[in-house]
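Participant: One-letter residues, chain by chain:
2 protein chains.
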Amino acid sequence: MTANSTVRNILFIMCDQLRRDYLGCYGHPRIRTPHIDALAGRGTRFTRCYVQAPVCGPSRMSTYTGRYVASHGATWNFVPLSVETPTLGDYLQKAGLRTAVVGKTHVVPNLGGMARLNIDPASAQGARLAQGGFEPYARHDGVITDAWLKRKPNAYNDYLRKSGYDAVNAWHEFAASGVDETGRVQSAWKLRNSRLKARVEERHSETAWSTDRAMDFIREQGDNPWCLHLSYIKPHWPYIAPAPYHDMYSEKDVAAPMRVDAEKVDAHPVYQAFRDHAESRAFSRNEVRNSVIPSYMGLISQVDDHIGRLTRFLEDAGRLKDTLIVFTSDHGDLLGDHWLGEKEMFYEPSVGVPLIMVDPSASKGGTWIHPSWKRSIYSLLSSTRLGSLKTISGWKASLSCRGCCGDAPPLREAAFSELDYAFYPARSALGLGPNEARAEMVCTERWKLILYAGFPPQLFDLRSDPAELRDLGRDPAFAPVRAELLERLTGWHAARRNRCHMADREVDAWLAHRTEPGGVEIGEW
Amino acid sequence: MTANSTVRNILFIMCDQLRRDYLGCYGHPRIRTPHIDALAGRGTRFTRCYVQAPVCGPSRMSTYTGRYVASHGATWNFVPLSVETPTLGDYLQKAGLRTAVVGKTHVVPNLGGMARLNIDPASAQGARLAQGGFEPYARHDGVITDAWLKRKPNAYNDYLRKSGYDAVNAWHEFAASGVDETGRVQSAWKLRNSRLKARVEERHSETAWSTDRAMDFIREQGDNPWCLHLSYIKPHWPYIAPAPYHDMYSEKDVAAPMRVDAEKVDAHPVYQAFRDHAESRAFSRNEVRNSVIPSYMGLISQVDDHIGRLTRFLEDAGRLKDTLIVFTSDHGDLLGDHWLGEKEMFYEPSVGVPLIMVDPSASKGGTWIHPSWKRSIYSLLSSTRLGSLKTISGWKASLSCRGCCGDAPPLREAAFSELDYAFYPARSALGLGPNEARAEMVCTERWKLILYAGFPPQLFDLRSDPAELRDLGRDPAFAPVRAELLERLTGWHAARRNRCHMADREVDAWLAHRTEPGGVEIGEW
Numbered sequence: 001m002t003a004n005s006t007v008r009n010i011l012f013i014m015c016d017q018l019r020r021d022y023l024g025c026y027g028h029p030r031i032r033t034p035h036i037d038a039l040a041g042r043g044t045r046f047t048r049c050y051v052q053a054p055v056c057g058p059s060r061m062s063t064y065t066g067r068y069v070a071s072h073g074a075t076w077n078f079v080p081l082s083v084e085t086p087t088l089g090d091y092l093q094k095a096g097l098r099t100a101v102v103g104k105t106h107v108v109p110n111l112g113g114m115a116r117l118n119i120d121p122a123s124a125q126g127a128r129l130a131q132g133g134f135e136p137y138a139r140h141d142g143v144i145t146d147a148w149l150k151r152k153p154n155a156y157n158d159y160l161r162k163s164g165y166d167a168v169n170a171w172h173e174f175a176a177s178g179v180d181e182t183g184r185v186q187s188a189w190k191l192r193n194s195r196l197k198a199r200v201e202e203r204h205s206e207t208a209w210s211t212d213r214a215m216d217f218i219r220e221q222g223d224n225p226w227c228l229h230l231s232y233i234k235p236h237w238p239y240i241a242p243a244p245y246h247d248m249y250s251e252k253d254v255a256a257p258m259r260v261d262a263e264k265v266d267a268h269p270v271y272q273a274f275r276d277h278a279e280s281r282a283f284s285r286n287e288v289r290n291s292v293i294p295s296y297m298g299l300i301s302q303v304d305d306h307i308g309r310l311t312r313f314l315e316d317a318g319r320l321k322d323t324l325i326v327f328t329s330d331h332g333d334l335l336g337d338h339w340l341g342e343k344e345m346f347y348e349p350s351v352g353v354p355l356i357m358v359d360p361s362a363s364k365g366g367t368w369i370h371p372s373w374k375r376s377i378y379s380l381l382s383s384t385r386l387g388s389l390k391t392i393s394g395w396k397a398s399l400s401c402r403g404c405c406g407d408a409p410p411l412r413e414a415a416f417s418e419l420d421y422a423f424y425p426a427r428s429a430l431g432l433g434p435n436e437a438r439a440e441m442v443c444t445e446r447w448k449l450i451l452y453a454g455f456p457p458q459l460f461d462l463r464s465d466p467a468e469l470r471d472l473g474r475d476p477a478f479a480p481v482r483a484e485l486l487e488r489l490t491g492w493h494a495a496r497r498n499r500c501h502m503a504d505r506e507v508d509a510w511l512a513h514r515t516e517p518g519g520v521e522i523g524e525w
Numbered sequence: 001m002t003a004n005s006t007v008r009n010i011l012f013i014m015c016d017q018l019r020r021d022y023l024g025c026y027g028h029p030r031i032r033t034p035h036i037d038a039l040a041g042r043g044t045r046f047t048r049c050y051v052q053a054p055v056c057g058p059s060r061m062s063t064y065t066g067r068y069v070a071s072h073g074a075t076w077n078f079v080p081l082s083v084e085t086p087t088l089g090d091y092l093q094k095a096g097l098r099t100a101v102v103g104k105t106h107v108v109p110n111l112g113g114m115a116r117l118n119i120d121p122a123s124a125q126g127a128r129l130a131q132g133g134f135e136p137y138a139r140h141d142g143v144i145t146d147a148w149l150k151r152k153p154n155a156y157n158d159y160l161r162k163s164g165y166d167a168v169n170a171w172h173e174f175a176a177s178g179v180d181e182t183g184r185v186q187s188a189w190k191l192r193n194s195r196l197k198a199r200v201e202e203r204h205s206e207t208a209w210s211t212d213r214a215m216d217f218i219r220e221q222g223d224n225p226w227c228l229h230l231s232y233i234k235p236h237w238p239y240i241a242p243a244p245y246h247d248m249y250s251e252k253d254v255a256a257p258m259r260v261d262a263e264k265v266d267a268h269p270v271y272q273a274f275r276d277h278a279e280s281r282a283f284s285r286n287e288v289r290n291s292v293i294p295s296y297m298g299l300i301s302q303v304d305d306h307i308g309r310l311t312r313f314l315e316d317a318g319r320l321k322d323t324l325i326v327f328t329s330d331h332g333d334l335l336g337d338h339w340l341g342e343k344e345m346f347y348e349p350s351v352g353v354p355l356i357m358v359d360p361s362a363s364k365g366g367t368w369i370h371p372s373w374k375r376s377i378y379s380l381l382s383s384t385r386l387g388s389l390k391t392i393s394g395w396k397a398s399l400s401c402r403g404c405c406g407d408a409p410p411l412r413e414a415a416f417s418e419l420d421y422a423f424y425p426a427r428s429a430l431g432l433g434p435n436e437a438r439a440e441m442v443c444t445e446r447w448k449l450i451l452y453a454g455f456p457p458q459l460f461d462l463r464s465d466p467a468e469l470r471d472l473g474r475d476p477a478f479a480p481v482r483a484e485l486l487e488r489l490t491g492w493h494a495a496r497r498n499r500c501h502m503a504d505r506e507v508d509a510w511l512a513h514r515t516e517p518g519g520v521e522i523g524e525w
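Residue numbers (my numbering), protein chains in the order written: chain A, 1 to 525; chain B, 1 to 525.
No lab work stands behind these hints: they were computed from the structure. Incorrect hints may appear among the rest.
Simulated crosslink set (SDA-like; lysine to any residue; CA at most 25 Å straight-line) [what the hints assert, rightly or not]:
no. : chain 1 : residue 1 : chain 2 : residue 2
1   : B       : K150      : A       : L511
2   : B       : K150      : A       : S464
3   : A       : K150      : B       : A509
4   : B       : K190      : A       : L511
5   : B       : K150      : A       : A512
6   : A       : K152      : B       : L511
7   : A       : K150      : B       : W510
8   : A       : K150      : B       : A512
9   : A       : K190      : B       : A512
10  : B       : K94       : A       : P121
11  : A       : K152      : B       : A512
12  : A       : K152      : B       : I522
13  : B       : K197      : A       : P121
14  : B       : K190      : A       : E521
15  : B       : K197      : B       : D166
The shape of chain A in the complex, shown without the other chains (with noise of 0.2 Å):
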């Protein structure tokens, strides 16, 4: 690698509900990264990187399209994408960058759009939209139960019936499911069943078969550019491992649960409503976190071993020389922090996800994004405006000169996240409409406001309380900061862009014209 490289290809990596401190780079005491480590070391670590909705399909689809879920509409997991919506795969096609994805991007077409549109959804056209703008090299969504697999093939499914594990749903029989002590099948749908080792080998396990179909795609690319979104579904549940990374870790390498008695006193009824979730009550139990945290880990540093086995597939075929590698997560997991399962909700161990970039041609001073990459990268990089800079002392005259459009962003002090908690029991137990169930998250170096609407706020000091234990939402005292808070987002809502079909060069040429010669005259006397 020298200071002439030039980036041509993009390495896209996100995990898919990894939280933020789960990496060694990111402090984690026990876990063993170190490959992402080294990624880390090389590149720019973002240490507040945020996403815009702590779940899954929202916070892929604002990746995808560089927007806010307020302006790109799949506010939840299965709400279809516009087929309006130019996605990061528009973008680099256009640039001539070969765009796909292996693994998942829950992106769900707007059949009702296509249909509209006279788009039958079987044709080539109607394929493309389907996936989001990414070629599926080998695309899944992860895990499916019996009923969906009827629906729809699976192309991870289908690889492991070929390799010889037999059964209609073998992802969930063999892949996510165990061997109990007393010889019985077990599925890791339940928690308790963590602990076992997935049925799968190793080799054949989800996080191997999307880095060889990766290996597959770049090999297949040779020295013709291509960005590769390598969307690996782990640590998500099922949280099952396979050897030897099933016991790499035990009960002593869990942490303890960020959770104090006081947080359920007098609480929000938001919070209330999520803690009553089946999830948020067994991981509010030491069993289940000490069944499920050890393979959670676990899989973790099995992502890590096979982003080493790429990294070294990577430098054999040269590529590491001309090839920008970001690696992310959708969103994290709370893991029984503060009583709670799953994400959601905006404490830090489910908004807050790792970023970290490596650019080959950062020692030119500045990091390069592929002008085609503009609104999606932006979308990672806004996300990120808390970024603190690890290595690369470029970044911030970069993120200002080449951010969304041309434009020259600052960077920003505020992120901001929103929820559609309709899908959830919350909504029923509060006894919400479909369209009430709504919160918004705005978070500053300091201080993060939750919005909830029809219920009072949270906010917390994040100096003073790190660990989110003190809920400052109510405290007549902090009304002063709340107002302060409640006007940045404001202000974020009335600044919103929403003029989505029309460039700002054409803005400001339709203003020259208002004054053109032989064009309309208003008010001339």
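Position chain B against the provided structure of chain A, taking the given hints into account.
Facilitator: Structure of chain B alone, referenced to chain A:
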């Protein structure tokens, strides 16, 4: 008309730039509008209807799509409308109503979206999308410059040429021009020429032609159900009326402007920038008002006469008894009030419009809204949540139980409107970028707050100051009022629906599905 009438058709009349208080039934002391007043007498007159944007394009797109501007994204006149967004035409055509437009829609299709979706703009599909769902029975978007005429055919211009008006741009040279005392042809682009008689014969004028086309359409339909959007271009500028309307009114009929010198002292920066526009400087002069306003009034009385003619036609054809009539406007006209011309600003003469509905089935105790028109009619109705109801007591219940998407929205307590002023000289004067020129209004029974991104707000007390002459936006005494209105605005932002590609019933189905046997089991031990 009997109590057993069933509504089968919709006549949706929209004027362009007709301010609310320039009709007899809305209290104008001099104007003669007996036929529109008669509609109000038979139907429901909404006293405080507000448009979602005080600019033609975005206001119309809100009406046609049933969405606020932030949702449909067509924030100004020539900003394309998403091709994926269903419109009134989609809903009604699906329900078997032939849905057509005579006159203006201002729909600009998203050619970029069509390109992405491989839709040829010249195809039948492309043509349909270019019309926003309306069959273009006799569409035009208003008087045209010579340059525009070369790009796009124009039905009314063609008609004039066929009727013997000999000029390439016959619309401009005959219908929008007059002959001065020296015998010279003068364009009504210049406000000094508004006082002249238009060179077109009344029976060939825009308003007469549009009414004739409306009758043709209705006649053609016979007993088949229809929705006709009769979209008069008048009284929009160029302000010039044919005989006998050109001298029906004179200076003595011109109401005194609502403006005081105090408005110029310590003026709000955005207001000041709009006051510096050419049209504002012009309308600040009484000479201009006295030339323009008599013609403006004449054009309104002309529309009124044709509505009378159309009403008689409907009666003769037996259509009055089964046709819902809606009469409104896309925004108003400042005409020198507050030292301003045009619209854009959120003063009542600009953002307030008339709305009258005549429902022949209303005597049954309620008002009929075609189920397929829910979203669009709702955009009209929801913009009237302040509507005092004049005649039909059933309206309130009707509004509550037949609103958008089958829900039961209550009558609202506040109206909201939006402005993207990136396209105006005011933006340049203020040194703003193309995405920084934003304003929003929230208006309650008593108060109107206008928020400008990057500037202080404006506040008016409509109870003590109905003419909006005293801006309380920076008065410390009114900080609590502003805070309360800001909270409403924030609540509206947070609650704006953006999950547009999934119906509420599907959301409920997903919520039910979560706990379905054999489904995904999250967080089970």
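Participant: A separate judgement is required for each hint: does it hold in the structure or not?
Facilitator: Here is how each hint holds up against the structure:
1. K150/B to L511/A: holds, 21 Å
2. K150/B to S464/A: Since the Cα atoms of K150/B and S464/A sit roughly 67 Å apart, the hinted pair is violated (cutoff 25 Å).
3. K150/A to A509/B: holds, 19 Å
4. K190/B to L511/A: With a Cα-Cα distance of about 20 Å, the restraint between K190/B and L511/A holds, given a limit of 25 Å.
5. K150/B to A512/A: Given pair K150/B, A512/A holds - Cα atoms ~20 Å apart, limit 25 Å.
6. K152/A to L511/B: Holds - the C-alpha atoms of L511/B and K152/A are around 21 Å apart, at most 25 Å.
7. K150/A to W510/B: holds, 18 Å
8. K150/A to A512/B: It holds: about 20 Å lies between the C-alpha atoms, which stays within 25 Å.
9. K190/A to A512/B: OK: K190/A and A512/B at ~20 Å, within 25 Å.
10. K94/B to P121/A: Within the cut-off at roughly 21 Å; holds.
11. K152/A to A512/B: holds, 21 Å
12. K152/A to I522/B: holds, 21 Å
13. K197/B to P121/A: Status violated; Cα separation ~58 Å.
14. K190/B to E521/A: holds, 8 Å
15. K197/B to D166/B: holds, 18 Å
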